[in-house]
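Given the coordinates of chain A, assemble chain B onto it according to the supplied hints.
Protein chains: 2
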Amino acid sequence: MGAITPPSNIPGYDSVLIARERIKPYIHETPVLTSRFLNELTGAELFFKCENLQKAAAFKVRGACNAVFGLSEEKAQIGVATHSSGNHALSLSYAAGQRGVPVTVVMPRTAPQAKKNAVLGYGGSIIECEPSTSSREAVFAEVVAETGADFVHPYNDPRVIAGQATCSMELNRQVEQLDAVVAPIGGGGMISGTCLTLSNIAPDIKIYAAEPLNANDAARSFKAGHIIADDAPNTVADGLKVPLKDLTWHFVKNHVTDILTATEEEIVAAMKLIWMRMKIVVEPSSAVPLAVILKNPEVFKGMRIGVILTGGNVDLDKLPWMNR
Amino acid sequence: MGAITPPSNIPGYDSVLIARERIKPYIHETPVLTSRFLNELTGAELFFKCENLQKAAAFKVRGACNAVFGLSEEKAQIGVATHSSGNHALSLSYAAGQRGVPVTVVMPRTAPQAKKNAVLGYGGSIIECEPSTSSREAVFAEVVAETGADFVHPYNDPRVIAGQATCSMELNRQVEQLDAVVAPIGGGGMISGTCLTLSNIAPDIKIYAAEPLNANDAARSFKAGHIIADDAPNTVADGLKVPLKDLTWHFVKNHVTDILTATEEEIVAAMKLIWMRMKIVVEPSSAVPLAVILKNPEVFKGMRIGVILTGGNVDLDKLPWMNR
Chain A
1 MGAITPPSNI PGYDSVLIAR ERIKPYIHET PVLTSRFLNE LTGAELFFKC
51 ENLQKAAAFK VRGACNAVFG LSEEKAQIGV ATHSSGNHAL SLSYAAGQRG
101 VPVTVVMPRT APQAKKNAVL GYGGSIIECE PSTSSREAVF AEVVAETGAD
151 FVHPYNDPRV IAGQATCSME LNRQVEQLDA VVAPIGGGGM ISGTCLTLSN
201 IAPDIKIYAA EPLNANDAAR SFKAGHIIAD DAPNTVADGL KVPLKDLTWH
251 FVKNHVTDIL TATEEEIVAA MKLIWMRMKI VVEPSSAVPL AVILKNPEVF
301 KGMRIGVILT GGNVDLDKLP WMNR
Chain B
1 MGAITPPSNI PGYDSVLIAR ERIKPYIHET PVLTSRFLNE LTGAELFFKC
51 ENLQKAAAFK VRGACNAVFG LSEEKAQIGV ATHSSGNHAL SLSYAAGQRG
101 VPVTVVMPRT APQAKKNAVL GYGGSIIECE PSTSSREAVF AEVVAETGAD
151 FVHPYNDPRV IAGQATCSME LNRQVEQLDA VVAPIGGGGM ISGTCLTLSN
201 IAPDIKIYAA EPLNANDAAR SFKAGHIIAD DAPNTVADGL KVPLKDLTWH
251 FVKNHVTDIL TATEEEIVAA MKLIWMRMKI VVEPSSAVPL AVILKNPEVF
301 KGMRIGVILT GGNVDLDKLP WMNR
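In order, the protein sequence lines correspond to chains A and B. Under full-length UniProt numbering, the first sequence has 132 at position 132, and the numbering climbs by one with no breaks. Under full-length UniProt numbering, the second sequence has 70 at position 70, and the numbering climbs by one with no breaks.
If we strip away everything but chain A, and leave its shape as in the complex, we get:
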């Protein structure tokens, strides 16, 4: 069961305005691309917000930079820590490197070497754990106890949500008269940021979350009215395996219009379509919104839709359409 009373640390829109100024020097205002082909295919007007072209190739630098650059001088000297084997690890390492702050990332020893190298390349330290929740939590607790580092959660953190919220602020300025925004949902950081911004500045824009059917805990939570967390869902969209937490559930519950799902095959086909027609590299998670738009023409036809392409970190030697 999720929290019944709302959490006390829900970020407000003022924190988004502060985040925007704070992170501006360290992030890109990413471009919005369009594709006539994909418009004709979907019967909608799609505006792709290219966070795959963001620093560290993921929207997650927004939240990570907001957390790191919001630290007091004293706290910054002690440093930050997180556990992640994905884009949050790279992004926090990038942000900490920009400020010259120590950063420790707890990663499963089985994480891809490319991801480990990227963290090291940005100046982060890696502590390995076993690939299980219990080992990760035990090792991480040890790291925090030893270093006193500030824990920057990948999504259930008001600083992170306020940072991610700057993305739809840009999008709403770059594209006029959107009818809807579709973003992937895993833990809900990007969707929560989208809700935080749009509910304040453009409350008529509908917000859809797109989720892999194989990891549909958010869709089931949405229907059930409380958080349902799966243990270890398996999907090609590896950024979307994690469950909602109290803060992100608050935003999902209150501001999301619907959560739609796509199969693994639909996600891979949509990913390949984006590469082929738009000539950009996106990771599988980024393709889930297009997959659900293609699957649900009755919902999206005729709409002007912002589509968040959340990241571009993918192993070029193991593309998902080649393993099939």
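Careful, some of the hints might be misleading.
One copy or two, it doesn't matter: identical chains are merged, so the pair holds either way.
[Stated by the list, open to error] In the DSS-like style, the derived pairs of lysine-lysine whose C-alpha atoms are separated by at most 30 Å in a straight line are:
{"no.": "1", "residue 1": "LYS241", "residue 2": "LYS115"}
{"no.": "2", "residue 1": "LYS318", "residue 2": "LYS115"}
{"no.": "3", "residue 1": "LYS241", "residue 2": "LYS272"}
{"no.": "4", "residue 1": "LYS272", "residue 2": "LYS116"}
{"no.": "5", "residue 1": "LYS241", "residue 2": "LYS223"}
{"no.": "6", "residue 1": "LYS272", "residue 2": "LYS318"}
{"no.": "7", "residue 1": "LYS223", "residue 2": "LYS301"}
{"no.": "8", "residue 1": "LYS272", "residue 2": "LYS301"}
{"no.": "9", "residue 1": "LYS116", "residue 2": "LYS295"}
{"no.": "10", "residue 1": "LYS206", "residue 2": "LYS253"}
{"no.": "11", "residue 1": "LYS318", "residue 2": "LYS295"}
{"no.": "12", "residue 1": "LYS206", "residue 2": "LYS301"}
{"no.": "13", "residue 1": "LYS24", "residue 2": "LYS115"}
{"no.": "14", "residue 1": "LYS241", "residue 2": "LYS116"}
{"no.": "15", "residue 1": "LYS116", "residue 2": "LYS318"}
{"no.": "16", "residue 1": "LYS115", "residue 2": "LYS272"}
Simulated from the structure, these hints should not be mistaken for lab results.
Relative to chain A, chain B alone:
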């Protein structure tokens, strides 16, 4: 041996200004992207002109649109034709489709089905020939005799060169104070356009051509002082197999600083680096400039360099780093 007296139909800069206005509604002003990582790796400042994000995913639509939209109404009704199995075929089909003009493309029957489908998708007609120069020329002559169509050569055509010349006009406006531009060379259409523009508006910018070592006929021509044409060079950069012709040789001879070459391995490594670090899809030909910049730091170190990414048409099921 190439022509000794200069050809009579060399396009002037006025034709570039006309081309720019003529093709504006049908092409993108493509973005310029940068990568801090690649700057650090090369010791130079690189500005990537993303013609892979152009319509039909290739700079060739510039020249094709200039030729098609410059036709008289009478000639337009008869239509255009070309022989190509590559980006010029797609681009001419796109341009003709935009004007509603008939277009016939002679393609070897062995050309990839994806390319054939793309031509058909833009509304072009395909006449197949055998994969040999003699068959191609015989079939093409027949097509022209039967239809009376206007032949738009892939590069040795003043209209095409003037169209390609609009690319460096944009680049020179988008990036200040360039020291050099590096572009791939095959038949020399893009390089000739670059020479045509820069020799007129920014004659201090050096122009380097980048060529596969396996298809180094332009580099050998440049050293020899006359056109050398190879019969059937074999390179992963399949857009760069064709030889110089009189018009393009005129520009190369008079305005190019040097022609540098890269091996197949270097081209593929540079291509993968662009995908990995810049999160964009480029074809092998587009990667030859980065390959020669990485190979010749003594030439390029400290320079501000425009790098033309010429196209993004690649078979996603057969990536060159996977065949090795």
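Status of each hint after checking the structure:
Proximity of LYS241 and LYS115 under a CA criterion of 30 Å is satisfied intra-copy only: 17 Å inside one chain copy versus 37 Å between copies. In this homomeric assembly, LYS318 and LYS115 come within 30 Å of each other (Cα to Cα) both inside a single copy, at 14 Å, and across copies, at 25 Å. Taking CA atoms no more than 30 Å apart as the test, LYS241 paired with LYS272 passes in both settings, with 21 Å inside one copy and 28 Å between copies. Taking identical chains as interchangeable, the C-alpha atoms of LYS272 and LYS116 lie at most 30 Å apart whether they share a chain (26 Å) or sit on different chains (19 Å).
For a Cα distance limit of 30 Å, the shortest separation of LYS241 from LYS223 inside one copy, 18 Å, qualifies, whereas the shortest one across copies, 58 Å, does not. Taking CA atoms no more than 30 Å apart as the test, LYS272 paired with LYS318 passes in both settings, with 13 Å inside one copy and 13 Å between copies. For the identical chains of this complex, LYS223 and LYS301 are intra-copy neighbours only, at 24 Å inside a copy versus 59 Å across copies, given an alpha-carbon limit of 30 Å. Taking the shortest alpha-carbon separations for LYS272 and LYS301, only the intra-copy value of 22 Å comes in at or below 30 Å, while the best inter-copy value is 37 Å.
Taking the shortest Cα distances, LYS116 and LYS295 sit within 30 Å of each other only across copies (28 Å), while inside one copy they are farther apart (36 Å). Proximity of LYS206 to LYS253 under the C-alpha cut-off of 30 Å is restricted to the intra-copy arrangement: shortest distance 14 Å within a copy versus 59 Å between copies. Taking the closest pair of Cα atoms, LYS318 and LYS295 come within 30 Å of each other both inside a single copy (26 Å) and across two copies (28 Å). In this assembly of identical chains, LYS206 and LYS301 lie within 30 Å of each other by CA distance solely inside one copy; the values are 14 Å within and 50 Å between copies.
Taking identical chains as interchangeable, the C-alpha atoms of LYS24 and LYS115 lie at most 30 Å apart only when both belong to the same chain, with a minimum of 25 Å there against 42 Å between chains. Taking the shortest alpha-carbon separations for LYS241 and LYS116, only the intra-copy value of 19 Å comes in at or below 30 Å, while the best inter-copy value is 40 Å. For the identical chains of this complex, LYS116 and LYS318 are neighbours both inside a copy (17 Å) and across copies (27 Å), given an alpha-carbon limit of 30 Å. Within a single copy, LYS115 and LYS272 get their C-alpha atoms as close as 22 Å, and across copies as close as 17 Å, so both meet the 30 Å cut-off.
Against the hints set out earlier in the document, no violation occurs for any number.
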